[in-house]
Structures are given as C-alpha cells and as structure tokens.
Amino acid sequence: MKKIQLFALLSVAALLITACQSAATPASGSANAATGDAPEVCATDSFGCAVFKPGEVVKIGMGAPMTGGDASYGIDISQGGFIAVENFGELNGFKFELIAEDDQGTAEGGAAVANKFASDPAVVAVAGHIYSGATSAAMPVYEKVGIPMLSPSASLPALTTMGSAVFNRIVFTDSRQGPPAAEYLFNTIGARKLAVLHDGSDYGKGLAEAVAAHFTELGGEVVITEAITKGETDYTPVLSAVAAKNPDALYFGGYTAEGAVIVNQMKQTGLENAAFFGDDGTYGEDFLARTGANGEGAFATIAPIPAESPEKAAFDARYLEKYGKKAGTLSPYTWNGYDSTAALISAVKSVAVLGDNGNLYVPRGALVAAVRNLKDYKGIGGTYTCDSTGECNTLPPMFVVVKDGAWVPAP
Amino acid sequence: MKITSIQNAIHKNGKVHEVLRPLLGAALAVFLIYRLYIVLVVQHEYGPETWTRLLIAGLIIGSVYALIAIGYTLVYGILFMINFAHGEVMMLGAFSCFFVFEAFKAIQVSTDPPQSFSNAYPVLAVLIAFVIGMTVSALMGYLLERIAYRPLRKAPRLVPLISAIGASIFLQNAAQLLFSPQLRDVPNPEVLTRGSGWALMINGSKVIIPYTGVFTFVLSLTLLATLYLVVQKTKLGRAMRAVALDKTTAALMGIDVDKTISLTFIISGALAGAAGVMWGIHNGLVYYYVGFIPGIKAFTAAVLGGIGNLPGAMLGGLFMGVIESVGPAALGLDFQLKDVIAFALLIIVLIFRPSGLLGEKLAEEKL
Chain A
1 MKKIQLFALL SVAALLITAC QSAATPASGS ANAATGDAPE VCATDSFGCA
51 VFKPGEVVKI GMGAPMTGGD ASYGIDISQG GFIAVENFGE LNGFKFELIA
101 EDDQGTAEGG AAVANKFASD PAVVAVAGHI YSGATSAAMP VYEKVGIPML
151 SPSASLPALT TMGSAVFNRI VFTDSRQGPP AAEYLFNTIG ARKLAVLHDG
201 SDYGKGLAEA VAAHFTELGG EVVITEAITK GETDYTPVLS AVAAKNPDAL
251 YFGGYTAEGA VIVNQMKQTG LENAAFFGDD GTYGEDFLAR TGANGEGAFA
301 TIAPIPAESP EKAAFDARYL EKYGKKAGTL SPYTWNGYDS TAALISAVKS
351 VAVLGDNGNL YVPRGALVAA VRNLKDYKGI GGTYTCDSTG ECNTLPPMFV
401 VVKDGAWVPA P
Chain B
1 MKITSIQNAI HKNGKVHEVL RPLLGAALAV FLIYRLYIVL VVQHEYGPET
51 WTRLLIAGLI IGSVYALIAI GYTLVYGILF MINFAHGEVM MLGAFSCFFV
101 FEAFKAIQVS TDPPQSFSNA YPVLAVLIAF VIGMTVSALM GYLLERIAYR
151 PLRKAPRLVP LISAIGASIF LQNAAQLLFS PQLRDVPNPE VLTRGSGWAL
201 MINGSKVIIP YTGVFTFVLS LTLLATLYLV VQKTKLGRAM RAVALDKTTA
251 ALMGIDVDKT ISLTFIISGA LAGAAGVMWG IHNGLVYYYV GFIPGIKAFT
301 AAVLGGIGNL PGAMLGGLFM GVIESVGPAA LGLDFQLKDV IAFALLIIVL
351 IFRPSGLLGE KLAEEKL
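As given, the protein sequences belong to chains A and B, one line each in that order.
The numbers in our numbering rise by one with no breaks, and the one at position 263 of the first sequence is 263.
The numbers in our numbering rise by one with no breaks, and the one at position 12 of the second sequence is 12.
Honestly, I wouldn't trust all of these hints.
Taking beta-carbon pairs under 7 angstroms as the criterion, some of the chain A residues facing chain B (in silico) [unchecked claim]:
#1 P54
#2 T225
#3 E226
#4 T233
#5 D234
#6 T236
#7 A241
#8 N264
#9 Q268
#10 T269
Keep in mind that the hints were calculated from the coordinates and are not lab data.
For each residue, glycine too, the CB sits at the ideal point set by N, CA and C.
Assemble the whole structure, with the sequences as input and the hints as a guide.
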C-alpha cells in the first residue's frame with residue numbers, strides 16, 4: 001500500500017515538474033513585440049520576432065531520414081550542416097545550433113517534425129526537409145508560423161509551384177533530372193524498351209512518370225510501369241513480370257533501400273542484361289555496400305560535385321577529420337547541406353537586431369523575405385540566387401555509374 | 001419493413017449461409033475465371049519462364065511463412081491463445097544470424113590465401129548461425145511464456161492476448177534501442193551469395209533457382225517433418241497432445257503441464273529462430289521491424305490452414321507465399337496489391353471453410 005502511495009506521489013511530482021517546464025519555455029524564448037523595449041521592426045513584422053536572451057541558442061532545424069534504409073542521406077546532409085554551424089555559427093556572442101530531427105523521410109514524419117519545430121520558439125529557419133514527401137507535408141506548418149525553408153535536396157518539381165512563401169531549395173528540380181535521364185537512356189545507353197518502376201512516393205512516382213513521358217517522346221517504348229511497396233526485401237515477383245517484357249533498361253524512381261534490393265534481385269529474375277538506372281536517391285556508399293558485385297554498371301543521377309575551391313578543400317578536410325569519411329561518399333548532398341545551412345545563417349545575420357537590453361531579435365517575416373531574396377550567395381556548390389518561386393539552383397544534375405565498386409562519372 | 005421480414009425469414013430458417021454462400025461463390029468464380037481468361041488467353045503476357053520464377057519466389061517465402069505459422073499453431077493448439085509476439089521471436093533469430101555472420105566475417109583464418117572464417121568454412125558458419133539463432137529464439141519463447149503468459153493462464157482469454165501484443169511492442173522497441181534502427185546487411189559466405197544459383201533454361205531464358213532459396217525450402221520442410229514426427233511419435237508429443245485436449249485430466253495422468261507448455265514455447269521459438277536465420281541468409285536485410293509483417297502473414301497462413309493443425313499451418317504457409325507471388329500476375333493486377341489478394345483469399349477461405357483448409361471440427365469446439 002505504501003508503495004502505491006509513494007508511486008502516486010512521485011508521479012504527481014513528475015507531472016508538476018514537466019508542467020512547470022512547459023510553462024517556462026515560452027516565457028524565455030518566444031515572443032514578440034509586446035516585450036519591453038523590443039526594436040521597432042518587431043512591431044511591424046507580420047510574424048513578430050524570435051527573442052533570444054544572452055546565452056540562448058539560435059536554432060536552425062533540419063527534418064531528415066536519420067534512421068532506416070535511407071538514413072545515410074539524413075546523416076550525411078546534417079553532417080555537412082554541422083560543419084557550416086562550426087564555421088559561421090556565431091553572432092554577437094549568440095551561438096547557432098543545427099537540430100537534425102528524424103522524419104524518416106515520410107510525409108507523416110515530416111509533419112510531426114514540422115510541428116515540433118513550429119512549437120519551439122528558438123527555431124528560426126529550417127534547412128530541409130531532405131525528402132520531397134516529408135517536405136510537402138511540412139510546408140503548410142512553417143507557412144503558418146513564418147519559418148523559412150531552404151532544402152538541400154527536395155527535388156519534386158511541384159514543391160515550388162504551390163505558391164509557398166517559405167519554401168526554397170538549392171537542389172535542381174526533377175524536371176531537370178527526368179528528361180535528361182530519358183535522353184541518356186535513349187541516346188547513350190541505346191535503350192529502346194524501358195521498364196519503369198517507382199516506390200509510390202511523390203518524388204519517385206513524379207520522376208518515373210517524367211522519364212516515361214520523355215522516353216516515349218524520343219521514340220522509345222515503355223514496356224511496363226509498376227509500383228512497388230516501400231520497405232520490402234523481396235521484389236522478385238514484380239521483377240519477374242518486368243523480365244517477361246524483355247526491357248533493355250530499368251528506370252527506378254525511389255531511394256537506396258529499395259533500389260539496392262531491386263539491383264540484387266535483377267540477376268535471378270532474368271533481368272541480367274538490362275541496365276539499372278536510378279536517380280539522386282539511389283546514389284551513395286550504402287548502395288555499393290548492399291549491392292556488391294550486383295551493383296556493377298548501375299547508373300544514378302547526382303548533383304554535380306562542386307568544382308575544386310579552397311572552401312571545398314577546407315570542408316572536405318574537416319569532414320574527413322570529423323566523421324572519418326570522404327565527403328560525398330554517403331550521399332551526393334553533403335555540400336548542399338553545408339551551403340543551405342550556411343546561407344540560412346547568413347540570412348539570419350542579415351535581419352537580426354541586437355536590442356539595447358542585450359537580447360537578440362530575429363524578425364520572422366523579414367527572415368522569410370531574406371531567404372527568398374537570396375542573391376549571389378557564394379557557397380561551395382556555386383553561386384545561389386533565388387527566383388520568385390524559391391528555385392535557387394543553377395546547375396543541372398550529372399550522371400554517375402558504378403565501376404569496380406565505386407561511383408564514377410558516367411561516360 | 002419488407003427487408004427486415006426477409007431477413008427474419010432467412011434467420012428463422014437458419015438459411016442465411018445457404019442463400020449467401022452460393023451467390024458469393026458464384027460471383028467469385030465468375031470473377032476469377034474472367035480474370036484468368038483475360039490474363040492467360042487474351043493478353044498472354046507471361047511465358048512459362050515467368051510463371052516458374054514466380055512460383056520459385058512464392059515457395060521460398062512460403063516455406064518461411066510455414067515455419068513461423070507452425071509456432072502460432074502449436075501455441076494455439078495447446079493454450080488457445082495467439083502469441084502475437086511470435087514475429088518478434090523470429091526477428092531475434094534474424095539478428096542472431098546477422099551478428100554471427102558479421103563476427104565470422106571479421107575472423108581471419110590462416111588458410112592460403114588468408115580469408116575470413118565464413119568463406120573458409122561456410123557450412124560450419126551456417127550451422128553455428130542456426131544453432132545460435134534457434135537457441136536465442138527458443139530462450140525468448142520460453143521467457144515470453146514465463147513472464148507474459150504463465151501468470152495470466154487463469155485469466156479471461158483476452159488478457160493474455162493483450163499481454164502478447166504488449167510483449168510484441170516491447171521486443172520491437174527493445175531491439176530498436178539495443179541494435180539501433182538502421183538496416184543491417186547480413187554478410188553471407190561467398191558460396192551463398194544472394195542471387196547465385198542453379199540456372200535452368202526455360203523458353204530460351206535463364207531461370208535461376210537461388211542456392212539460398214533451395215536451402216531455405218529444404219531445411220524448412222525437414223524441420224517441419226521432424227516436428228510432425230516429434231508430435232506424433234514421441235512421449236513429449238503425446239504429452240503435448242494430451243495437454244491440448246484437456247489440461248486437468250492430463251495433469252491427473254501425471255503429465256507436468258507447465259513443463260509441457262514451456263517445451264511447446266521452446267520448440268515454436270526455435271522454429272521461428274530458424275525462420276529468422278533463413279530470412280537473414282536469403283533476404284539479407286535485418287532490422288527491428290523485420291518480424292512484424294512475416295508474423296502477421298504467418299498468422300494468416302495458420303488460420304488459412306486451420307489453426308491448431310500442423311500440416312494445415314505448413315500448407316497454409318506455402319499457399320500464402322505462392323498466392324502472394326503468383327496472384328497479382330495471374331489476375332493481371334498491380335503488384336502492390338499482393339497483400340490485398342492474400343488477405344482477400346483469407347476472407348474467402350473463412351467464409352467457405354470457417355475452420356480453415358485442413359481445419360477439423362476441433363477448432364470450433366475449442367472456441
């Protein structure tokens with residue numbers, strides 16, 4: 001009996017403590033023009049200001065797949081971002097921090113992470129999300145609270161056509177990835193009969209449809225289009241059906257987890273003579289590790305590897321030192337992660353105001369505008385200027401192929 | 001008013017099934033024949049080589065389902081409860097396989113040229129993986145029974161069921177915390193490389209029967225046959241059957257009921273462990289959630305074959321695997337619908353044979 005009483009007492013105490021904590025947070029971090037001697041800009045800003053007392057941390061969020069079969073993308077891109085914070089993350093004594101939260105690359109996860117960031121008054125901008133599905137679910141949440149996004153890798157074309165004020169990206173769009181892939185398949189590889197598979201995600205399906213449409217325009221024949229279920233480890237039935245159509249090549253719109261399984265099972269299902277053509281989601285070291293010898297000759301598209309520059313050399317050296325890996329082996333987007341985080345930090349710096357009381361004020365509405373108006377920002381991957389829809393990229397993707405167990409530029 | 005009177009009339013005569021079943025059966029038969037006609041005769045998309053490939057894939061995955069399904073059926077037969085944590089027991093087997101192979105890959109043997117242990121002695125490596133995987137899973141089956149089910153044996157039937165679901169979630173999350181949520185690749189010995197196998201020329205196309213698949217299939221059938229002999233021919237099997245029939249009377253006859261139930265869980269755990277190791281060797285990807293879907297499928301297979309019936313579970317497992325793999329192609333449907341086809345099949349079988357394909361009257365009596 002006593003035990004029960006003690007337990008009840010403890011749980012009440014625990015409840016009280018958590019209640020106090022949640023009551024305390026908004027007071028310290030948030031809020032707006034109403035507080036004392038805030039600068040004028042906060043009173044006029046449409047979303048008000050994020051206020052930081054001395055010693056508090058300015059947070060940049062990132063929603064990324066940190067676990068599961070595609071974790072290499074989230075881990076790699078956030079690692080790029082951490083280095084950007086190391087280099088630039090300080091303003092008048094206020095420290096910046098990158099918070100990478102796991103959205104598992106799914107729409108549900110994206111919305112959950114977005115709500116978490118939106119309810120944290122210290123988060124001023126989001127370098128993400130990483131996957132298009134998660135991004136489109138997260139956008140409306142940030143739209144409401146005025147948190148600008150600068151995605152390093154969400155390439156779904158529709159993302160910038162929805163009239164969002166907060167979404168921007170420094171990656172190419174799939175409309176620059178799909179048609180060139182179809183041309184490469186038709187002209188360089190010489191495929192005439194193409195099988196198209198996708199994983200049903202916004203990104204994979206959109207890309208697969210774009211490739212199929214363009215391939216048909218070029219005069220090729222799309223012999224079969226099939227959707228697969230994400231997260232399975234046996235695709236031999238669907239691949240057998242694909243093999244029955246004798247395609248010259250198989251295009252897959254999707255990510256590493258499923259792409260690697262497909263490549264492994266192509267030989268045993270009669271597709272040993274068909275080329276595997278993936279996308280910017282099937283690149284990386286994990287793909288090589290999982291496919292081994294079966295992966296030889298597999299294609300992928302990636303963001304172009306940045307030209308050599310002192311900044312890139314410094315970044316690569318730091319990455320190797322900090323994470324023990326060569327930059328760019330886990331995913332094609334670690335430099336984009338760096339650039340997007342650094343660009344956001346510079347935008348925050350451009351609008352932030354230091355109050356007379358020592359507090360730092362970040363006007364949210366002005367920050368949204370500052371990111372959209374990013375102009376001639378020099379990053380490792382190039383010089384970024386955002387247009388009115390939020391496209392800040394300039395360079396088209398490039399093609400790579402697996403040769404002797406490594407990704408090399410495709411001929 | 002009219003409708004209710006018809007319903008009443010039907011119910012009064014107890015003829016609801018006699019009216020609906022033939023109608024439903026006829027509709028289904030027409031649909032199936034129509035789809036098969038379209039696919040096989042009109043479209044004629046797939047040659048014999050494709051059907052062979054689909055069948056091979058189905059039999060391999062089916063034999064894994066069968067092994068797991070046996071565990072559900074054994075436990076149901078003796079305790080009349082569904083052990084929903086059974087899929088997680090299989091997941092532990094798959095993780096054991098991963099860790100064993102990973103360790104053997106790291107150990108170098110001084111052969112000429114030096115190579116890893118798993119490449120030098122593949123048979124031994126696989127054998128040890130099975131021994132460890134089955135031991136771990138058997139132990140987990142035993143612990144599950146001791147901790148989650150035995151204290152609730154006298155409770156109403158729903159209570160152990162909830163406890164089983166709780167145990168399932170607990171094990172999944174524990175595995176996620178212990179082993180991290182990342183996907184792991186099982187490094188097979190070189191001779192068992194995934195995708196290599198015997199080549200068969202059918203219709204001018206190379207059909208590969210993967211080594212790992214044949215291995216899985218043969219081992220699964222061997223284990224199932226052994227289990228059948230154990231249950232039918234040994235003293236332990238007799239005790240299990242006696243406990244299944246009537247616990248009190250069995251106890252009066254000098255059978256240690258608790259021990260028999262524990263042994264049942266140990267056996268079903270070991271079989272799930274073997275299924276997990278096979279999964280690791282054949283499919284090669286292991287993570288904390290890997291047991292859940294096969295667990296649900298195997299449970300379905302057990303119900304399909306007639307739960308409580310050993311050959312039924314085996315037949316149900318193979319049937320489920322083949323339907324899942326061949327079904328979408330045979331009906332000309334999207335391959336994403338394979339689960340829909342498999343579960344629709346379950347509903348249909350239960351409408352026409354509520355006690356499953358090989359189910360005896362026994363199943364109804366027990367309920």
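Verification of the hints:
1. P54: violated (38 angstroms)
2. T225: Interface hint status for T225/A: violated (10 angstroms vs cutoff 7 angstroms).
3. E226: holds (6 angstroms)
4. T233: holds (4 angstroms)
5. D234: With a closest approach of 6 angstroms, the D234/A hint holds.
6. T236: holds (4 angstroms)
7. A241: Interface hint status for A241/A: holds (5 angstroms vs cutoff 7 angstroms).
8. N264: holds (6 angstroms)
9. Q268: Holds, about 4 angstroms.
10. T269: holds (6 angstroms)
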